[in-house]
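Engineer: Respectively, the protein sequence lines represent chains G and D. Following our numbering, the numbering of the first sequence begins with 8 at its first residue and continues without gaps. Following our numbering, the numbering of the second sequence begins with 51 at its first residue and continues without gaps.
Note that these hints are calculated values from the structure, not bench results. Incorrect hints may appear among the rest.
Unchecked claim - Each pair of labels, with its calculated beta carbon distance range: (1) G:Ile215 <-> D:Ala144: 35 to 43 angstroms; (2) G:Pro191 <-> D:His344: 26 to 34 angstroms; (3) D:Ile347 <-> G:Thr284: 22 to 30 angstroms; (4) D:Ile347 <-> G:Asn316: 25 to 33 angstroms; (5) D:Ile347 <-> G:Gly324: 50 to 58 angstroms; (6) G:Thr102 <-> D:Ala144: 30 to 38 angstroms.
For each residue, glycine too, the CB sits at the ideal point set by N, CA and C.
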Amino acid sequence: MIEVNRKGEVWVFAEQHDGRLEDTPVELMSKARHLADTLGVKLAAVVLGDGVKDLATKLIQYGADKVYLAEHPLLRAYQTNSYAKVIFDLIHKHTPQIVLYGATIAGRDLAPRIASATRAGLTADCTDLQIGDHTTARDKKVHKNLLFQIRPAFGGNIIATIINPDRWPQMATVREGVMPMPEPDGKRKGRIVEEEVTLAQHDLPLEILEEHKREKKVDLKAARIIVAGGAGLGSKDNFKLVWDLANCLGGAPAATRAAVDLSFIDHDHQVGQTGTTVRPSLYIAVGISGAIQHQAGMSQSQKIVAINNDPDAPIFGVAHYKIIGDLNEVVPMMIKSVREKS
Amino acid sequence: MGYNCVVLIKQVPDTKRITGDVMNDDGTVKRSALPAIFNPEDLNALEMALQIKDKFGGHITVITMGLPAASDILRDSLFRGVDEAILLTDRRCAASDTLATSYILSCAVKKLDYDIVLCGRQAIDGDTAQVGPQLAEKLGITQITYVEELTELNGKTITARRNIGNGFQQVKAPLPVLLTVTGDANEPRVAAAKKMMKYKNALTPIEIQQKITAENPDAVQSEIKELAEHKYGKLVEKGLLIKQWDLDAIEADLSWCGMSGSPTKVHRIQSVVLAAKESKEIEPDEKAVSDMIHELIADKIIA
Numbered sequence: 008m009i010e011v012n013r014k015g016e017v018w019v020f021a022e023q024h025d026g027r028l029e030d031t032p033v034e035l036m037s038k039a040r041h042l043a044d045t046l047g048v049k050l051a052a053v054v055l056g057d058g059v060k061d062l063a064t065k066l067i068q069y070g071a072d073k074v075y076l077a078e079h080p081l082l083r084a085y086q087t088n089s090y091a092k093v094i095f096d097l098i099h100k101h102t103p104q105i106v107l108y109g110a111t112i113a114g115r116d117l118a119p120r121i122a123s124a125t126r127a128g129l130t131a132d133c134t135d136l137q138i139g140d141h142t143t144a145r146d147k148k149v150h151k152n153l154l155f156q157i158r159p160a161f162g163g164n165i166i167a168t169i170i171n172p173d174r175w176p177q178m179a180t181v182r183e184g185v186m187p188m189p190e191p192d193g194k195r196k197g198r199i200v201e202e203e204v205t206l207a208q209h210d211l212p213l214e215i216l217e218e219h220k221r222e223k224k225v226d227l228k229a230a231r232i233i234v235a236g237g238a239g240l241g242s243k244d245n246f247k248l249v250w251d252l253a254n255c256l257g258g259a260p261a262a263t264r265a266a267v268d269l270s271f272i273d274h275d276h277q278v279g280q281t282g283t284t285v286r287p288s289l290y291i292a293v294g295i296s297g298a299i300q301h302q303a304g305m306s307q308s309q310k311i312v313a314i315n316n317d318p319d320a321p322i323f324g325v326a327h328y329k330i331i332g333d334l335n336e337v338v339p340m341m342i343k344s345v346r347e348k349s
Numbered sequence: 051m052g053y054n055c056v057v058l059i060k061q062v063p064d065t066k067r068i069t070g071d072v073m074n075d076d077g078t079v080k081r082s083a084l085p086a087i088f089n090p091e092d093l094n095a096l097e098m099a100l101q102i103k104d105k106f107g108g109h110i111t112v113i114t115m116g117l118p119a120a121s122d123i124l125r126d127s128l129f130r131g132v133d134e135a136i137l138l139t140d141r142r143c144a145a146s147d148t149l150a151t152s153y154i155l156s157c158a159v160k161k162l163d164y165d166i167v168l169c170g171r172q173a174i175d176g177d178t179a180q181v182g183p184q185l186a187e188k189l190g191i192t193q194i195t196y197v198e199e200l201t202e203l204n205g206k207t208i209t210a211r212r213n214i215g216n217g218f219q220q221v222k223a224p225l226p227v228l229l230t231v232t233g234d235a236n237e238p239r240v241a242a243a244k245k246m247m248k249y250k251n252a253l254t255p256i257e258i259q260q261k262i263t264a265e266n267p268d269a270v271q272s273e274i275k276e277l278a279e280h281k282y283g284k285l286v287e288k289g290l291l292i293k294q295w296d297l298d299a300i301e302a303d304l305s306w307c308g309m310s311g312s313p314t315k316v317h318r319i320q321s322v323v324l325a326a327k328e329s330k331e332i333e334p335d336e337k338a339v340s341d342m343i344h345e346l347i348a349d350k351i352i353a
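Chain D with its partners taken away, still in its complex shape:
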C-alpha cells in the first residue's frame, strides 16, 4: 500500500550569509537583498517523504505559503520527484505569526488526503520550531518532533526515532501523524536531470500574470487576463501549471489569518552589531575590565 504524504516547505532568506550591507538603517534586514533558498530542514522532510514513496509508493504533495517567488522551491521539489506542488499565496496572509500560519496551513492540508504530514524541524529565518506542533494540533493529529530516522511503516502505524537532546527515543504512533524532521535525518537527493527537463517551464498562475504584464506594458487588464488564460490552458495540457490557492480557495476564516489572526506583535527590532572584527584593546586593570563587563551587559551579551 502507498502513503499520501504532504510536505510543508518554506522559502527563506539565507540568514547564514548576512553581511552589514543587507541591514536597513533602522536595524531591520532587507529580505530582498538576501539570496532566497529552500529551508534546509524542509529538504530533509522532503527527502523522507521521497524515501517513503520509493519504498511503499503513494503520492507526495508539497505546499508552500509565501510570495510568488516561492514558486522556485515548488519547481525544485518537482525536480526532486514530488507529484504535486501548491503555492498558497495571498496578500491577506501578510504579517501572520506562527499561530496564524499554522491555521492557514491547516486549512490547506485539510483539502488533501493525507497519511503523513512532514515539516522541517524549524526554518532558519525564525528558528521557532512552532509551526509543526501547532499545525498538528489544528489538524487534531499526533505529532512526532525532532525525527532523525523513520524506523518502520507498517499498515496504519509508524515507528520513528526522535532526538531527545541527551539521547534518543523510539516511538510508535497511529497514522495520520505529523513529523518534524531534523537535519541529521538524511542526505537530501539532488534534482533529477530528466525531471528538470520536464518541469523547468512549470509555472504558477501568478508568475504567468507577472510575466505577461512585464512583456506587455501597454496592455489593459482584460487583455492581460485573456493572454494569461490562454497560457494557463497551454500549460495545463502539458501538465506544467502549478496549482495556486488563496485564502478563499482553502475556505479560511479571515479573522484567524494575517495580522488579525496573530496574537504576537513586534514591539521592537534591534540589529546585532555584526562581528566587523572591530576590536578594542582592554588594559589588564580592574577599571577597564569592569567597563568591558558593563558594556557586555548593556549589549545583552551577558544576561
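Next comes chain G alone, as it looks inside the complex:
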C-alpha cells in the first residue's frame, strides 16, 4: 500500500489487445476526467504493450493529461503476472491516489492481483464513482474527498457505496457499458511519459497456446441498459430510433424475434427464449407487444419502460413505466430529455 497522497493523480489502466483499446477504459475516461477535476489533480492513462505509442495520443484526446507508456516485447500479449508487476512498480513510483480498471475479463484478472501485492483496497464492478466525505462512526474522524465506489451487491438487490479511507491507492474496476464513451478532442494537449520496463521470461509463467476470438457481437448480458425494438417499429429504417435511444443512454440495442425475422437487426441482438436472457437495470421496450417468449428473456430487468400504442399489449403487465402512445413521438422525446440531462 501507499500512504494517503492528496496530490496523487487519478489513473486509468488503458487496456489494449493487439493495439486496440478496449471500450471500457475509454468509457471510464470521461468519469475519471471528472474525478480528477473535482480533486484538482491530473488524469493519467497507463498503457502497457509493444509498439502501442499511437494509443497514447488517442488517450490524450479522450481526456488524459498524461500517459504513462510502458513498452516491452514481453508486454505484447496480456498476462497477469507481467502486467501486474509493471503496474505495481508504477504505482509505487508515482503514488497515484486513484487507480481505475475496466471490469473486463483482463481487468478483473489483473486488478485483484495488484491489490493483493499492494495490500490496498479494491472494489469490483462499480457502476458509478463519485468524490465525497466520510465520517468514521467510532472516532468521528472526517475523511475528505474519498472515492465513493458504488456498486450493486447481493444479486443486485442492494447498492453499496464502498470507500478505502487510508490504505491507498483507492482502486476499483468499473462495469462495461455503464459510462458513456467520450468524444475525442483532437485539440487536447498532454504529455507522454515513457517508462522503462525490466521483465524476464520468468515473469510470464503462462504459455498462450492458442486464442480464438469471435467477431465482437453485442454483449447484451453485460449491458446495464437495453433498448429493444419490436415489429411495431415497422421498418429497418425506423428501427434506427432504437439505436439512437440506446446510443444516447450508453445502452445496447436489442430486438424481439419478430423484429429479427423481419431483418430489422441481426440475430445477435435477440432477447427472449430463443435469444439472450437479460436482466439489465433498465429495459426499454419500444413497439413490443410482449409475447411470453420475449418476456421470459427480460422480465427480470430491474426497471422496465414500455412504449406501445395498444393499451392491452401484454408488455404493460411487466412494465414499471407504461407509456401508451406513438413510439415515433415518444422515443424522440426521450432522446431529447436524456441529452439535456447528461
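Model the placement of chain D on the given structure of chain G, informed by the hints.
Structural biologist: Relative to the frame of chain G, chain D by itself:
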C-alpha cells in the same frame, strides 16, 4: 501420479430468491432470512477437482471460511467424494473484505500440500471474483481465471481453456496453480448415497458444542467441555469429526484479518426498490417523459 487439490468453497445466501420481506428497514438484507446454499460456481470447482481425482488419483481437501452453519457445505462435499473437509471459523474473521479473506485463506492453504487450488469464479453474494486472484498472489503461484475446461494435466504442467469474453484461450502453466472455474465448466455430480450414509453424522467441533449446550441448558462450562470431548473422541474413532481451524491454528497475523486487515469499508448501503410490479402510467408528452427520465437518473438506473 495423483494430484493434491484444495478447493475453496463458500456458503452464501441465495440472492436469487430475495423478496421484500428479507430486507431490513434500513435497506440491508437479513442474511438469516435467506436460505443458505453452496455457492454455485464453487460446485463447478469441486466437480473439476473430483474429475482430476477420478482420472489421476490424489487427495481433495475442501476449506470454507465462515460461520458454524457452513459445516453444511462441508458435509455436502464429503457426500460428493472429497477426502477431507476443514471449517475455518473465528469471530476475528468478521468484517473481512476480499483482501483480508484472501490473506486468511492463504494461511490455511499454506498448511496443506497442494498442486492445484480451485475456486469458483465468484460468489453470488458479492460477485467480486477477487478472492481467487488475491489468494494466488498471496500464495505466490500462477492463476488461471475463468476456466471453462481442463484440457490436460501432464506431469507438472496443466493446460486449460479460459473464457476471454469474446472467445477463448488455451493456456499452459507449471504447477502449482490456482484456477477459478466458471459455471460452464461442467455439470456438478450429485451426492453419492453411500457417502451420504457414511457422512450424514459427521460434525464439526463447534456444532457438537452447540448441540450439547442446547441439550443441557443447565450444564456449566466444564461439564459441556467434558461432554464435548467425549463426543469428539467417539466421532474421531468413526472418522466423522470434521476438522476445524481458527486463526491461531493457521498462525495468521491478526492485523491482516477482519476489520483491521480490510482496507475497504462500507460508507452506505441502499436498497434497490424491488420490482414490485408497481407501475406508473406516463403520458406521452414532453413534460411527463422528461420527469420519468429524471426519476431514472435520480434512482441511478440511468448513469
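Engineer: Against each hint, give a clear statement of whether it holds in the structure.
Structural biologist: Each hint tested on the structure:
Taking the beta carbon of each, Ile215 (chain G) and Ala144 (chain D) are about 41 angstroms apart, inside 35 to 43 angstroms as hinted. Between Pro191 (chain G) and His344 (chain D) the CB atoms are about 29 angstroms apart, so this pair conforms to the stated range of 26 to 34 angstroms. For Ile347 (chain D) and Thr284 (chain G), the Cβ-Cβ distance of about 26 angstroms falls inside the hinted range of 22 to 30 angstroms, so the restraint holds. Checked against the given bound of 25 to 33 angstroms, the beta carbons of Ile347 (chain D) and Asn316 (chain G), roughly 26 angstroms apart, stay inside it.
For the hinted restraint 50 to 58 angstroms between Ile347 (chain D) and Gly324 (chain G), the CB-CB distance of approximately 26 angstroms leaves it violated. Restraint check, Thr102 (chain G) to Ala144 (chain D): a C-beta distance of roughly 31 angstroms satisfies the suggested window 30 to 38 angstroms.
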